[in-house]
Each structure stands twice: as structure tokens, then as C-alpha cells.
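Participant: Chain by chain, the residues run as shown.
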Amino acid sequence: MKIRKYLALTKAGIIQELHFRLGTFVTIFGNLIYLILVYFLWKAIYASSPADTVNGMTFTDTIIYLVLATALFNFLEMFIVWDMSRSIQSGEIILDLLKPVNYRRYKFFSYFGDNVVTFFLTFLPTFVVVYLITHGAIRLGLNLLFFVVSVALALLVNFHIELLVATICLYTESTWGINIVKESIVLMLSGATIPLAFFPEKLRTVVEYMPFRCIYDTPLNILLEKDGYTMGTGVFTMLAIQVVWCVILVLASKAFWNFSVRRITVNGG
Amino acid sequence: MNGRTQICRGRGFRFYARIYRKILVQDLKSKMSYRADFIISTFGMVLTNIVGFLSFYILFQNFSSINGWGYYEMLYLYGFSLIALTPLQCLFDNNWNLRFAVRSGDFIKYCFRPINVFFYFISEVFDVKGLGQLVFGVGVLAYAWSHLVIPVTVVTILQLILLLLTASLFMIAIMNAAAATCFWIINSGYVMVIMFRFKDYAKYPASIFDGFFKLLFTFVIPIAFIAYYPALVLLRPDEIPLLSRISPLIGILFFYLSYKFWMLGARKYEGTGS
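Which chain is which? The protein sequence lines are U and Z, in order. Numbering (my numbering) for the first sequence: 1 to 269. Numbering (my numbering) for the second sequence: 1 to 274.
No lab work stands behind these hints, which were simulated from the structure alone. We put the CB at the ideal spot given by N, CA and C, even for glycine. Check the hints yourself; a few may be wrong.
[What the hints assert, rightly or not] Over 12 Å on every C-beta distance to chain U, these chain Z residues come out as not near it, computed from the model: (1) Ile19; (2) Thr42; (3) Phe43; (4) Asn49; (5) Tyr72; (6) Phe100; (7) Val154; (8) Leu164; (9) Ile186; (10) Tyr190; (11) Ala206; (12) Asp210; (13) Leu243; (14) Ile252.
[Stated by the list, open to error] When the alpha-carbon atoms are kept at most 20 Å apart in a straight line, the in silico EDC-like pairs for lysine to aspartate or glutamate are as follows: (15) Lys260(Z) <-> Glu270(Z); (16) Lys43(U) <-> Asp210(Z); (17) Lys182(U) <-> Asp96(U); (18) Lys182(U) <-> Asp210(Z); (19) Lys182(U) <-> Asp200(Z).
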């Protein structure tokens, strides 16, 4: 694999993303308002609760978790399934398939450019703001390093789940339906809407055996140094679980894609 | 342009109802030809509702009330918001395609018909799967109602229907305006995605906001009107605020303004030249 070839794609992705500055600006602004909603809701929820700590989460923990989950969402969500299913439906996908590059790798590195931009433009500013507003409730130590590693793994897990789902579109020619199914399952079971700590015991046990938690819940718990996610209590186990899911999903999406692309029928032409 | 508007003016409700029915039948026919997509989409709609309900349920497993609102009252608001969002989903879904039509130049075809551009564009898509949300919403609302002390009379039912209709206008107005931004900016998809996410917070009582943000979510991004203000009429009949009473008027105003904004964009549209 010639890495320079693929880095060029990433560069193109960065330039393309920066071209739509207004879009980025609108996203940041809209997110800010959205986060205010999150803040008010949970403030009211905790104010109505007799206890300060619910399921091991304080109000500050919950807010940091949810705000950074939203920031991670903006960073990770690349609407890959949307793009791919659209190009499958229109037949445009054939242009990409004819290129003398590995399609899956080609996609990954193009989207990676977007990831780089959104990381600096949305995730990092949000992180700084959260850090300042909560007066340093996030400890800046080794957990930060583990967090970065964990987010990188989350990116891979997320990308391959997307790719796996997008491949289904080769068979169904469904865009909206597949997307909405994927989105609701991933956002719910990864902890992006409600931290997994709040889930009822039985449901949580089931969810913990699924790959989705690797995307939001694991990195955020590592950052917040929750029990079971620190140096002493098993951060390495958590990272190992992420690696294992990464490998499984990479292999699965590769196999499914290679199997499916041979029987593809492209519309029009 | 002027001549066309005059022609339209002579056409009444019945003319538009007939056209709508014809377009609707065509749309449904084309939808049924993609059967797999139709089935998956319907399943997806049901699933989003189940997931939405699940997160609501999990929240109340941990916290017994929010800002003085109990479980069944919150459930009532939840069901109410789902029903109020159905007309947007079913009737105004084509707004999501507006930016593609505008950018590709296809939008010009809507301008050359002797009927209202907004009507023609919006009527082209009827989203059947939105009806699943309606059924789910009605179920939730009925269940919540049966556990609350709201009397079931002809008056309350009629009130409820009126309130639901007016509540639905607010999110439609928000999305009309969000979609219309594509006449001015490229990549307006972001605006729509963000605005659409706000609807998830319509089911919570607006009493959780204070100060500036209360005004923001009441008059600028009016999500407080999607469930909270209209629902108060039946939920808290002893202390109905003025905003609840006049919510139908405000709803019509918001819808009218968003329509005007949409048409303003459509009128300045010049096509792409192809």
C-alpha cells in the first residue's frame, strides 16, 4: 500500500471540507444551541433528583459526557452510508470502483480528511470550552493519552460499521431506511444519547457485549476516569476490547464488501 | 411571473385538492416499485420510535420526575409531540430534497407550472412511513391520558385536535425556513440537520429553560410550542398561560412567515443555466 497516494486523498478531503466554511460555522453555532438544550434538560433532571450522584454519575460528569459525545458525534459522523447509498442508487459508484485503488481504503482516506478538519474545528474547541466551564473537572493526565488512542479506535470501529451497513445498500437500494436504522441503533446503544451508566442492569449487560459502546461510551469513560476505565482498574482491557472489535469489523466489512461487489448491478450508465 | 400569480389566484381549494390527489397517487406508485426500500423505511421509522421511547423510559428509571412533571404527564407531552410532528413528516418531507433540486437546476421545472410553486414542490412527496409515527404517538398519548385525570369529553377531544393541528405548524415552519436557506447558501444541509435535531427536545417541558433561552426557544426556534404550550391547556387547565391560548394564531403566523421566506427564495431563483 503506497501511503502517499492515500495521503493525497486525505489532503483533498481537508481542502474540500475547508471550502465549505459556512457549513462548518453553522454546525458550530447550531451545536452550541443544541448543547444549551442538553444543559438545561439535565440541570432540571438533577435538580429534581434527591441525590447528587445517580449511578456513579454527577451532574458535571453527565454534562461533560453528553457534550463531548455530541462533539464526538460531529467528528465521527461522516454520513458515509448516505453518500454511498446515494451513489449506489444513482450508479455513480461505478466511477469510484473503476479507479485503480482499493475502494474501501480510498473511501477511508477521503473521509479521514473531514475527520482531521472537524477534530480541530469542532472537537478541540468544544473540549477546551468544557474544560474551562467545568473549572478543570477533566483531569489532564495520562487519561488524555488513553482517550486519544481510544478515539482513534472508535473512529475505525465507526467507519467499518458504516461500511458494513453501506454494503447492504448494494442489495436493497434503500437509503433513508438503512440510514435511520443504523443511526438509531448506533446512537442509542453507544451511549451517545444517554450514558450507558443509566441503563438498567440487564440491558447494560447485553449492550456491553456489542461493538457500539466502543464508539462513545469507552472513550468518554476513559476521559472521565470512571471505575473500570483507569490505569489501575482496567483501561487496557477496555482498549483491548476496542482493538478486538476493530479487527472483527475490519475483517467482516472486508469480506462482505468483496463478496457483494462482485454481484453488483449498477443502474444506468 | 405576475401573470402566473394572477392565474393561480382564480383557483380555489378544490382545484388544489384535485391536483394534490393526482400527484399523491403517482408518488405512492413510484414508492411501491421500490418495495424493499419501503419495507426497510417503515421498519426504520418504527425502530426510531421504539429507540426514542426506550431512552425516555431509561431516563425515568433513574429520575422520577423532571421539574415537577411526573411520568404520565411527561408521557403525555411525548405522545403529543410525536403526533404534532407527523404532518411535517408526511406532508412536508420533500423539503429535504430542495437543496439538491436547487443545486442541480431541476428546481426550474417547478417554476414553469401554472400553480403555486411551494404547493407543487411540497405535494410531490407524501411520506407514508410517517403514519407509523402517528399510530405510535396516538398510542402513547392515549395510554398517558388514561392515567391522568383529564376528562374525556367531546370538548376536550376537539380541543386536543385543534391544539395538535396548531402545534404541527411550528416544526413545519422551522423546517420550511431551514430548507429555504439553500436558495442563498451552498451546503444548507447542515442547517436542516441541526434544526431537525431540535425537535427531540420538544417533548420536554419548556419550564426547564429560563431567561434569554426561554425567549429563544419560544419565539426564535419555537420548539416550546410543539408540545409544551399547547399541551398545558389540557394538562394544567387551572393555570393556562396566555401563550397557550393564542398558540393557534402564533402557529399560523410562523407558518405564514416561513412560507413567505420560502417563496422569497424561490422567486429569486435563476436556475443553473442548463
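Participant: Decide, hint by hint, whether the structure agrees.
Facilitator: A quick look at each hint next to the structure:
no. : hint                    : in the structure
1   : Ile19                   : holds (26 Å)
2   : Thr42                   : violated (8 Å)
3   : Phe43                   : violated (7 Å)
4   : Asn49                   : violated (9 Å)
5   : Tyr72                   : holds (15 Å)
6   : Phe100                  : violated (9 Å)
7   : Val154                  : holds (35 Å)
8   : Leu164                  : holds (23 Å)
9   : Ile186                  : violated (7 Å)
10  : Tyr190                  : violated (5 Å)
11  : Ala206                  : violated (10 Å)
12  : Asp210                  : violated (8 Å)
13  : Leu243                  : holds (18 Å)
14  : Ile252                  : holds (25 Å)
15  : Lys260(Z) <-> Glu270(Z) : holds (18 Å)
16  : Lys43(U) <-> Asp210(Z)  : holds (11 Å)
17  : Lys182(U) <-> Asp96(U)  : violated (24 Å)
18  : Lys182(U) <-> Asp210(Z) : violated (35 Å)
19  : Lys182(U) <-> Asp200(Z) : holds (18 Å)
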